[in-house]
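Participant: Listed below are the residues making up each chain.
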Amino acid sequence: MTAPGESDRSVRDALMRADRECRRAERAAEFAERHEQQAFTDPPRLREFHLRLAVMLRRVETQHVAAAKMHTSHAVRLRSWIDSADGHRSMPRLMASVAEAAGADGAAITLFGPGLAECVTAVSDNTAKAAQDAEFTLGEGPARDAMRRHCAVRATGTGLFRRWPNYGPAVARLGIRSIAAIPIDPAGVPLGTLTLFGPRSPTTIDNGLRTIADTVATMLLSEDATFITGDAAPTSCLLAEADHRAIIHQASGIVSVACGCSIPDALALIRARAFADDRPIESVASDIVARTVRLP
Amino acid sequence: MTTPPRQSLSHAAQAFLVGLVDTLGADFESVEFLSTFVARSVVLLEFSFAALLLPDSHGVLEVAAHSQEPARNLSHIEIASGEGPCIDAHRTGLACWYSVDPALAERWPDLADAARRAHITTVLVVPMRHRREVIGVLTLLGDRHTRPGADTLQLAQSLAEAATIGLLNLRTLRQHEQTATHLQAALTSRVLIEQAKGILAERLGVGVGEAFALLRGHARAHNRNLHTVAQEIIDGQVQITKH
Chain A
1 MTAPGESDRS
11 VRDALMRADR
21 ECRRAERAAE
31 FAERHEQQAF
41 TDPPRLREFH
51 LRLAVMLRRV
61 ETQHVAAAKM
71 HTSHAVRLRS
81 WIDSADGHRS
91 MPRLMASVAE
101 AAGADGAAIT
111 LFGPGLAECV
121 TAVSDNTAKA
131 AQDAEFTLGE
141 GPARDAMRRH
151 CAVRATGTGL
161 FRRWPNYGPA
171 VARLGIRSIA
181 AIPIDPAGVP
191 LGTLTLFGPR
201 SPTTIDNGLR
211 TIADTVATML
221 LSEDATFITG
231 DAAPTSCLLA
241 EADHRAIIHQ
251 ASGIVSVACG
261 CSIPDALALI
271 RARAFADDRP
281 IESVASDIVA
291 RTVRLP
Chain B
1 MTTPPRQSLS
11 HAAQAFLVGL
21 VDTLGADFES
31 VEFLSTFVAR
41 SVVLLEFSFA
51 ALLLPDSHGV
61 LEVAAHSQEP
71 ARNLSHIEIA
81 SGEGPCIDAH
91 RTGLACWYSV
101 DPALAERWPD
111 LADAARRAHI
121 TTVLVVPMRH
131 RREVIGVLTL
141 LGDRHTRPGA
151 DTLQLAQSLA
161 EAATIGLLNL
171 RTLRQHEQTA
181 THLQAALTSR
191 VLIEQAKGIL
201 AERLGVGVGE
211 AFALLRGHAR
221 AHNRNLHTVA
231 QEIIDGQVQI
241 TKH
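Sequence order for the protein chains is A and B.
Position one of the first sequence corresponds to residue 1 (the numbering used here), numbered consecutively onward.
Position one of the second sequence corresponds to residue 1 (the numbering used here), numbered consecutively onward.
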């Protein structure tokens, strides 16, 4: 439940972020224009220099425009959600606007810790959440593949089944027909993956999608992202709505003691139980933490 | 207008300028970047020595890169005395050319003396500008006796501009790298703390909430980092009891 004052504040925050991105885009465009003009007015030997600069600045502009669009669309969604006063619908997520910008039905971000341990996930909607859970439970899927191989991954139709024998059928049951996953690696630091469900052009990873991934990467590192170790909450607009899978890591700790095994082995046991019972891993973990289920 | 040797340089100049722009995302150290830049500027602009001066956190210029000793020496004399062509350019944001005799000698005789000893006859300073801010100064020292042509000035300014962009890109890149690394560490630490909570809860037969209180209490009592204590619990190196 979100208090009314808090909702209004999130609309204001989103609009403020959109405005800031717009100004950054304008500034980049202004510089780009100057170099585009200089490409013709300066001596010919400087032409390529100016053109290259202009191209770089236009790329920066595109990224800020994309971010501005996401924040604006998020503000609009929030506004209409507040006005509709429909308590049954959950609060719109910024990730829904990321999906929209990417031209996909849904989107998810997965951030990984050491040893491909999934530590954060943010999703656009319940289908994306279910797909993320399936990947986490089964230990196979597009996010880990893109992360492990440092390159974009895509699959569509029966390709989903061929590529991921367990995950493919699971997401097909959710109505997902195609998937694209792009690494998020700001400044070359591999943090995780942006996964798109039902992307408009499932067979190609074009510049548009790369721009979205770069924009998301920048958002994760934006200046309002003050991330403090311990129990303080993250405040980056994307991380604020993320799920830290805390309960699963707690359950891994419990099972590792109960079974006298390592944490990765404990996680594997929880996964196996969720798979065998055909239940979401989070719900199994939650029962373990509540001590209503014991492993092995 | 263009003499044959300059013509042959133009391709090199172009390639170098383009290369500077492309530093974003490249595996570049800023020291290496600046040294390469200074060395190439000397060749392209046909000067003898060059130095690049950047302000420190207090806004005082210091030598960030130089090609050969005389360039460093002259810059140090200027910085120590607190006045000279680079300091002027840093303040005004304007490029300026001086002949050592008489222009430089009239205003800064000590600097002119040092220049003469190194057989320097001409000094060109070009500010590195970003929006309204001057982020550094490129100084070029030569042994010719004529004012540099419009062509050279323009190339010098483009070089300074490209170096500015390259440098700012590098700074952004480093900053992103640092934030990304911090984020990764914070995420990892969070996972460890959750796992340690579970381990403690199971060992002591308490809820995860109480386990966290014990974990935090232990960290505070021993003046240790929560993350470190969590790691030790996972590794079985520390025992925490209920009281």
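These are computed hints drawn from the structure, not numbers from a lab.
The model shown is predicted, which means the values in this text are computed figures rather than measured ones.
One or more hints might be untrue.
Said to hold, decoys possible - Label pairs and their computed distance ranges (CB to CB):
{"#": "1", "chain 1": "A", "residue 1": "PRO280", "chain 2": "B", "residue 2": "THR241", "range": "14 to 24 Å"}
{"#": "2", "chain 1": "A", "residue 1": "GLY175", "chain 2": "B", "residue 2": "ARG220", "range": "47 to 57 Å"}
{"#": "3", "chain 1": "B", "residue 1": "ASN225", "chain 2": "A", "residue 2": "PRO44", "range": "33 to 43 Å"}
{"#": "4", "chain 1": "B", "residue 1": "THR228", "chain 2": "A", "residue 2": "PRO169", "range": "16 to 26 Å"}
{"#": "5", "chain 1": "A", "residue 1": "GLU6", "chain 2": "B", "residue 2": "THR181", "range": "23 to 33 Å"}
{"#": "6", "chain 1": "B", "residue 1": "GLY207", "chain 2": "A", "residue 2": "ARG59", "range": "48 to 58 Å"}
{"#": "7", "chain 1": "B", "residue 1": "THR92", "chain 2": "A", "residue 2": "LEU116", "range": "35 to 45 Å"}
{"#": "8", "chain 1": "A", "residue 1": "LEU116", "chain 2": "B", "residue 2": "HIS58", "range": "37 to 47 Å"}
{"#": "9", "chain 1": "B", "residue 1": "GLY217", "chain 2": "A", "residue 2": "ARG291", "range": "19 to 29 Å"}
Said to hold, decoys possible - Computed footprint of chain A on chain B, listed as stretches where at least three residues anywhere in the stretch have a Cβ under 8 Å from a Cβ of chain A:
{"#": "10", "stretch": "68-74"}
{"#": "11", "stretch": "151-161"}
Claimed, not checked - Covered, in the sense of this in silico footprint (three residues per stretch, anywhere, with C-beta under 8 Å from a C-beta of chain A), are these stretches of chain B:
{"#": "12", "stretch": "94-105"}
{"#": "13", "stretch": "190-199"}
For glycine and all other residues, C-beta sits at the position ideal for the given N, C-alpha and C.
Participant: Which earlier hints can't be squared with this structure?
Facilitator: 1, 3, 4, 7, 10 and 12
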